[in-house]
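Please work from the sequences and hints to get the whole structure.
Single-letter residue listing:
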Amino acid sequence: MAYPYVSDREVRLLSTYFGDPKQRHIETYVKRGGYSALEKALGMGPDDVVEIVKSSGLRGRGGAGFPTGVKWSFMPKEKKKAHYLLCNADESEPGTFKDRELMRWDPHQLIEGCLIGAHAIRAQHVYIYCRGEFFEANQVLARAVEDAYAKGYIGENILDSGHDIEVTVHQGAGAYICGEETGMMNSLEGRRGEPRIKPPFPAAVGAFGKPSTINNVETLCAIPHIVKNGGEWYRQWGTEKSPGTKLFCVSGHVIKPGNYELPLGFPLIELIEDVCGGMKDGNALKAVIPGGSSVPLINAEEARACKLDYEGCVDVGTMLGCASVIVMDETTDIVKQVRRMVDFYAHESCGLCTPCREGTTWTAQILRRIENGKGTEDDLDTLMEMTQNMVGTTICVLSDSVAAPVQSSIEKFRDEYLALIRRGERVGAA
Amino acid sequence: MPVTLTIDGQEVTVPKGTTILEAAKTIGQQVPHYCYHPGMSSPAMCRLCLVEVEGAPKPMPSCVTTVMDGQVVHTQSEEATASRKAVLEFYLVNHPLDCPICDMSGECSLQDYVHEEGRDSGRSREPKRVFGRDDFGGDVLFYGDRCVMCTRCVRFMSEVEQDTRLTVVDRGNRSVIDTFFEEGLDGTNWHGNIVDICPVGALVSKDFLHKARAWDLEHTPSICTSCSQGCNIDLHTRDNLVQRLKPRENLDVNGWWMCDHGRENYEWINQGTRIEAPLVRDGNGGSKAVDWKEVLGALLEQANGAGAVKAVASPLASNEDLGALKALVEALGGGETVYRSARAEEEIVLKGFPSLARRKDLSANTTGAELMGLERAGADDATGGLADVAGHDGVLVVLGDALEDQPADFGKNAALYVFLGSHESEASANASFVLPVTTFAEQEGTFTNVAGRVQRFWPGLQAPGMARPPWLILGALVAELTEADLPRTAADAFAALASAVPAFSGLTYDDIGTRGALVNEPVQLSGD
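Heads up: the sequence lines are chains A and B, in that order.
First residue of the first sequence? That's 81 in the numbering used here, and the numbers climb one at a time after it.
First residue of the second sequence? That's 1498 in the numbering used here, and the numbers climb one at a time after it.
Just so you know, these hints were derived from the structure itself, not from any lab.
A portion of the hints provided could be inaccurate.
As the list claims (entries may be wrong) - Simulated pairs of lysine-lysine, BS3-like, Cα-Cα distance not exceeding 30 Å:
#, chain 1, residue 1, chain 2, residue 2
1, B, Lys1555, A, Lys321
2, A, Lys492, B, Lys1555
3, A, Lys102, A, Lys290
4, A, Lys278, A, Lys159
5, A, Lys160, B, Lys1785
6, A, Lys387, A, Lys308
7, B, Lys1582, A, Lys454
8, A, Lys321, A, Lys160
9, A, Lys321, A, Lys157
10, A, Lys290, B, Lys1848
Given below as structure tokens:
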């Protein structure tokens, strides 16, 4: 298949049909075994579906890694109000491009996962909140939903099971904060995209004031496979605490960047050197951000010790996040790289909480000054202390995400900051 | 169900569902905050009210965290004060620090909090973001650079006035409060409140702009006279002039709010055309100023056998004044007393606090007048209705009504015409005695509001010249004519009223206090 790069180290469950445009057609999807998991799930009680997912140990792929089955079990068992399943397809973390591919190439896999999830949490309506800039994914999804309605997989009395589930694809308007689950609910309701205070948690008071569960695209895409083959089957990959496979979005200075589906616990260094064909131009590895821009970056030494699962990343002082591996070689100007990430957060802060509203821009201003050779050594202390004041003091974790790259880069690449401050020397030309 | 918790080492018992911030208030601990306001929803976004709760992984916003049994809260611990110090530093990153020219200086909570708990010096060396000034329409100017983005103003307009005129535009530190198109706040009736609830100098009153510094103002508790709602207010005075009116919290009457109509209607109090000394007319058009002893002596002399009494009273006069007038009319042999009061066609209800409205009746004490048996006269614009009175040939007493619509010969036929007024008026031309009285802002007294709540007000201004409260003047006359004691204080005058009018019986100034107390009779205003 023509999908950019594939590797024989991959275990392709979710990404089997990447690069195959035929998979978008409902006939092909059904012929290849699609929607059989839905049929199986609809024949089971909602709680039994939750049990299967619990037994698989599947953890949320949006970044936090919370066990999906446990999350589903928080929903009220008795349906007194409407329930909603919200699919978080607002993939906007810098460095992440897995959900986009899942939606582009295999939209019915997601729809099937959504329908099973909706059944499991007794939801009668699924909203797929798709990032506004994903024009193609939005179109493909909308078409797929239409087809699935026509074939009776969505709507009233699905497959004669007596269950009614509606699916709506909602195109966002382009705000990072709407990928935060409560910000997404606000946006869906037509309000300003701002996070809500928890408690109440979405399982109690969610979208439109009703119990809701929010799951990531990749999480829901794994559901049909788990329901079809069972929880134990899924556990054959990955580790005890992080079972299954995960899509890794590799970008940066590697020869073959791209999406790779690998079992969790895969060594980071093998991902770079084997799966991705090694470092570009033979340059030395300098730093890696293993989970998207919101997690601390690690240096080459830590990268060599890092196992790509939820626990393995914590062991080297970072997080798996949404597994967006950004690889940086020796030519990278770390200060500039960090400043560009902070600029992103300053631009995307919703402005609700003061530490984030003021702190993100302030951090970016200081970094820019350092980058321009006008920094002082005191600035580094200010950055460390001030970003720490942005951790845990806000409603959502956007401002915590600024602290991660800033603090980790100052700790690990202090020399680079000092070179700029003392002599105006820049590294590389990135 | 009461919940017991510990705040700063002190045990507190409060009802279930109370927030930590409100619970702390009960032991006198004010947790600094901006976005929280008891009259509106809490977005918990200013992050200033974070407190340490034992067992919680991170500092909790006390404005939305409800109390739990056995909870241990620290509002002054190292963690809590460090968190406030940190947040305050963020507030100052883009704040212009233009306190010397800011109207809010002296009553600004950013100023206060930073003085109390902020850093000694700021660390930001970056250029500040600039928004400049914006006219929001109505009485409101917006200084965007001073704004702390608490969104109280946005929430007041959408939740309390329920006329969404303000919103937050853009995001991050570019976010700013703005109006919709050119419409702004024009045509709204409660927008003055957003200036009150703005914790900093971002929203300022055009009327008050650069008029006085906050620390030069004296605050006197009073009652708004612009309608019969009786909103509790403070008179803010300087140089013996009222500079502005501000609402005073009273959940039974006006919450934290007052209407723009009442707020803007204060300049009449400052008018300089005051009657400053008692005048006696000699019958040839001449008049002379005399002292109180002389004027009252002469008046009593003339009153003897002058005939039936007709009186006109203003519903802006206090209960004490009206009670003393009623007593005088009776002492002079009885007669009828009328009042005239302007009425609007519609009430203007504050939707988010529906017990508060700009009432139809546009005088402070119409209910008091009705309870004392005064008859309403004239049209809804407070004119006419005095045909009987104008040509009356007995004793004529006018209290407070300026009689602007009355003919030049008003009271010409009266055997005795006594005019008690605060401001000069042409209708007093024929009065044999013109007696200078104080306005409500210069005397102590009570008004009875539309719901029958008797509410006290206090003097915030010095009375000009020899002006005295009407209850004192009228009370002195009554004391001469009857066995009654001379009232020496407003409380005495109220006690006399309470013993004479059943609706007020049993009430005392102590009972009424600063919150008011209800009269004994159900209230029904004529015309309602």
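Among the hints numbered above, which are violated by the structure, and what are their numbers in rising order?
-> 3, 5, 8
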